[in-house]
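S.K.: Below are the chains, spelled out letter by letter.
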Amino acid sequence: MLNKISISVVLLMCCATHAELVGLDNGALLDVTGQGGADLSWTLSLNHRYANDLSIKNISDQQGVYYTYDCVSDVQCRFAFSPNNHADAAGNQRWLVFKQIQGTIQVDKFSLAGSTIINKDMMPQTAMKLSFFDDKPLKIRNLGFTNLSVETDDAATKGYLKDEKYNQYNAYTLNAQGTKVYSSVDVPTFDKGGEKGFMGLNVHGNLHMSGDLKIFSYNCAGTGTSRC
Amino acid sequence: MKKIIKLNLLTACILMAQQSFALQQLTDQSLSVVTGQDGISITHEVSKINIDQANWVDYSDTGSMKLGMHNVEVKGVNNSTIKSTLDFDVGTTDRGTGVKIQASISPFQATVEKLMLLCDAATCTTAEQNLGSLSLSTTSPLKFYLETTHGLFNRDDKAHLDFQLQNASIGYGLNGKNLTLKDFNFNFSADGYMYVDPNEGIVMTTKSRDGNTDHIVNLARVADSSDVDSSRVNAKNPGVNIDLRYGADPDNQKNVIRMGASGAVTNAKIFLNANQAGLKDFNTVNRSGTDLTETIKSASGYGFAGAGGLHFGVSAEFTREGNPLLGQNFAPTTLEIGHTGHGSYAIEFSNLSPLIIRNSTNATNLNTRNAYIDFGDIYINTAQVKSLNFIINENVKKILGAATNELTYYMVPVDKGQNVALIAIRSMDFQAIARKARFISDNSIAEITSPSGEWGLGIPIFNLNANLALFSKNYSYNGVTSAGLGYNLAMSTEGYGIDKKTGAPSTTSIIVVDGAKGVYNEEVNYYAGLRNIDSYLKSDGVIGFEDEGIYIRADNLLFAAKAEIAIGQLPGSLYNCTAATGGANCDNKVVPIDNFAKKDDVLSSIAFKLDGQGELLIVPGLNGPNATPDSNYLSLKGNFKFKDITGPTDRGSFLSIINEDVKTTGTTESSINLNKLQGHIGFESRIQMKQDTVVLDNQVKFNHLANANSQGKVFTAEMAMSPAGNMQKIADLAITGGAMRSTLGITPR
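Protein chains in written order, with my numbering: chain E, -10 to 217; chain X, 3 to 751.
Treat each hint with caution, since some may be false.
To be verified - Simulated crosslink set (BS3-like; lysine-lysine; CA at most 27 Å straight-line):
id : chain 1 : residue 1 : chain 2 : residue 2
1  : X       : LYS400    : X       : LYS519
2  : X       : LYS519    : E       : LYS98
3  : X       : LYS271    : E       : LYS109
4  : E       : LYS203    : X       : LYS519
5  : X       : LYS678    : X       : LYS715
6  : E       : LYS185    : X       : LYS715
7  : E       : LYS109    : X       : LYS601
8  : E       : LYS151    : X       : LYS731
9  : X       : LYS399    : X       : LYS116
10 : E       : LYS151    : X       : LYS715
11 : E       : LYS147    : X       : LYS678
12 : E       : LYS203    : X       : LYS591
13 : X       : LYS600    : X       : LYS400
14 : X       : LYS116    : X       : LYS418
15 : E       : LYS154    : X       : LYS715
16 : X       : LYS601    : X       : LYS645
To be verified - Chain X side only, calculated, beta carbon under 8 Å to chain E, not exhaustive:
id : residue
17 : ASP516
18 : ALA733
19 : THR738
As the list claims (entries may be wrong) - Quick list of simulated restraints, FRET-style, between CB atoms:
id : chain 1 : residue 1 : chain 2 : residue 2 : range
20 : E       : CYS217    : X       : ASN628    : 57 to 65 Å
21 : X       : ALA726    : E       : TYR161    : 24 to 32 Å
22 : E       : GLN51     : X       : THR670    : 34 to 42 Å
23 : X       : ASP596    : E       : ASN47     : 44 to 52 Å
24 : E       : SER215    : X       : ILE512    : 31 to 39 Å
Simulated from the structure, these hints should not be mistaken for lab results.
The C-beta atom is built at its ideal place from N, Cα and C for all residues, glycine as well.
I would like the entire structure built from these sequences, with the hints used as guidance.
M.R.: Next up, the structure:
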């Protein structure tokens, strides 16, 4: 009997010693730091090769980059905006047309978690915490539009579907008699074949952000000077 | 004389011998030998069974409507016979006379060539409709064991039931292609009561009549018999395993989705009767009053359901750790959902809890109720239907701009009505929020050993009502006409209310939950997502099986919903801050238990109405010995065409972002809207389940029929604001075409 007890004691001690000697593995460490939530990665692409071809796995790889313009037809990659029923004297609607609108943005990692804040009434409230990391920048690739133009509807075509390009312009020369002689001349190569418009925009670069953004709800109770 | 004495002696000896034999005491050993001789044992062997027609007659329509299985063939596997055994025994128990029934059927294959909807009266619109084919095969014996303590049906005395349908295969076929439940398990062992009741019909329940005693139904996991990785020991699939595969080749089907449930459930109940009285009754929550408890509203149009039809229900509560019924032998409930096939991953959910964590603002008053699923009342009828009515709630009514809460929709042809099989669900609830989830791998690859962290997911559903009418319908796909399954579906969910049966606050939501321990050493229960989803879906069209995948066409699709984008803590949780950090308001303070009825957590609300027509192709993942989540994934391809605007006052399809402010004078609403959505949009979505990440890859084509020669139909919308109730147009916008792709990777921790 005594033997049995002593064996049990020895066994128990073994267990105890064993437990003490176990080091923290990676998994256990993860458990300690993990507070729920999720790490997110996001890529958004418009009218680029990446957007058109779902078999492409990332916006760039060793074979090349996939954040270049890709559109069946230029006239189909437009965004048009017509504020406040804007129209010409004949009642034809006018549109602000962003031609060849495109862009890819990617952020490899940002985190979503819950957090508790103390609000202005000194009450606890939950906020959505978005964390951004300096080494995981927001990659902006060829974001913008090639041309911005104002187009007006006519009887046949909506303004945003008008397909006019810079190819040739009328130039004149003066002949020996001093008379203007008109001829069609190619526009310079920079603009040749381009869609008509007055300005373009292209943003390309990395936006590094670091820190937490907390988003929480706020109820405008309509009291005092609050404007709601 | 001598002869007579001798005979008498012999008789006496025989009698005495019997007497002494009768007196001999039986040992346990001999009893075990004897039992085989007790009761009835039937062994039956059959090589093949053919049934020309087996019809279920719905007497509600003077018996003219039938749902039948035609050309049924049942045969053994690999040319062997089907052996079935039935042992029947009656014996004395401490409660009375008990019954023991044990049945076993060796592996078999059953096929139903045609599932027919028949109507043989002169007034019928369609005499015969072929709804497709069915098949069932098993690889291990189907076993059934029932042991009662007092009679066969008894409300007050316990019975034990084992049912083992393991690694079976159930298929539904159209045009030679099958949607199959592979490795289907329905494996359970239950204690409870089996009885017949004049109102409820045939009932099996785990709870006693007084409700004080409950028992367990154990959904024991089943050994996986196919495609198991060599590193796996005792690889098992869930006790209820629904593993959907699709394709024409039965040996190489493609992978759709897998769902499963294992562990112990309690307060389970199954009932079956023919009472159709409740078919017309919809539960609904009246938003205008302060009492948010469900009330009944009856709809018209259900007069066809009379004497016939089936009415049944299934419900069960999910157990979690700490439930005293679990004891040492039973594991808590776990649910699984994810992709399937070789090399796939899924997510296992556990620590399932109902919406509210505490019953009051008292920190010690923890809610010990279980999460549960209640399929509500399910009605199956065959009928000739002209129109049906459907009850919607106030929020949906507002989105639809409907005049009343009762919508009417019509079948085709309107004058005579359509012969349909109608499946109706009333008040289905799934109130379960998983506070812990982890990634799991398919048995075909090595197990994931690293922990997945502390996070969970909740997709609770409250008061789901549905009418699904099925009939046969031909359709054309890529210029080829095929036979399909026609459908007409109306479905709704309730955002928030108090459940009539349980009295508990209930919601329809899609939320992620942080199940990690907070400052008070209990689950912090942060949630974020869409909550209180009021929705209504009405669609009719056809389902067809194509080589590429499952084709669903909606000739008329109307989908309206309102939801709140919110972040907060689940009702009844403790605010995750201490008095030291946040002052007295933080000291063990309980989040209001009616938190989901308040606006405190709401960032904004969204509402939308999509009205038009569309096509959807569910493309299953490829199977293969080297398949990975990059090659084996589920994808959805489709397109949607918005319904044309009928006039200047028609708001058409729209999307609203709404801000609701609670003031002393009441709630005011302001919104920014995209109205009069027009165009023809194409989309493709891929859902990739990886080892620790879910990737949602979505592509939208704004004008999907446009090409180099045609401008298609431009996507246009009207932007409007509604600062004080009146809609005011700000601008028109147009997107002429192009493609947008969003790739979102979610790695929980």
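S.K.: Each of the hints needs a verdict: does it hold here or not?
M.R.: Cross-check of the supplied hints:
| no. | hint | in the structure |
| --- | --- | --- |
| 1 | LYS400/X with LYS519/X | 41 Å, violated |
| 2 | LYS519/X with LYS98/E | 24 Å, holds |
| 3 | LYS271/X with LYS109/E | 50 Å, violated |
| 4 | LYS203/E with LYS519/X | 21 Å, holds |
| 5 | LYS678/X with LYS715/X | 14 Å, holds |
| 6 | LYS185/E with LYS715/X | 23 Å, holds |
| 7 | LYS109/E with LYS601/X | 17 Å, holds |
| 8 | LYS151/E with LYS731/X | 25 Å, holds |
| 9 | LYS399/X with LYS116/X | 41 Å, violated |
| 10 | LYS151/E with LYS715/X | 15 Å, holds |
| 11 | LYS147/E with LYS678/X | 17 Å, holds |
| 12 | LYS203/E with LYS591/X | 22 Å, holds |
| 13 | LYS600/X with LYS400/X | 20 Å, holds |
| 14 | LYS116/X with LYS418/X | 26 Å, holds |
| 15 | LYS154/E with LYS715/X | 22 Å, holds |
| 16 | LYS601/X with LYS645/X | 34 Å, violated |
| 17 | ASP516 | 3 Å, holds |
| 18 | ALA733 | 4 Å, holds |
| 19 | THR738 | 4 Å, holds |
| 20 | CYS217/E with ASN628/X: 57 to 65 Å | 59 Å, holds |
| 21 | ALA726/X with TYR161/E: 24 to 32 Å | 59 Å, violated |
| 22 | GLN51/E with THR670/X: 34 to 42 Å | 56 Å, violated |
| 23 | ASP596/X with ASN47/E: 44 to 52 Å | 46 Å, holds |
| 24 | SER215/E with ILE512/X: 31 to 39 Å | 32 Å, holds |
The structure fails hints 1, 3, 9, 16, 21 and 22 (numbered hints given earlier, in ascending order).
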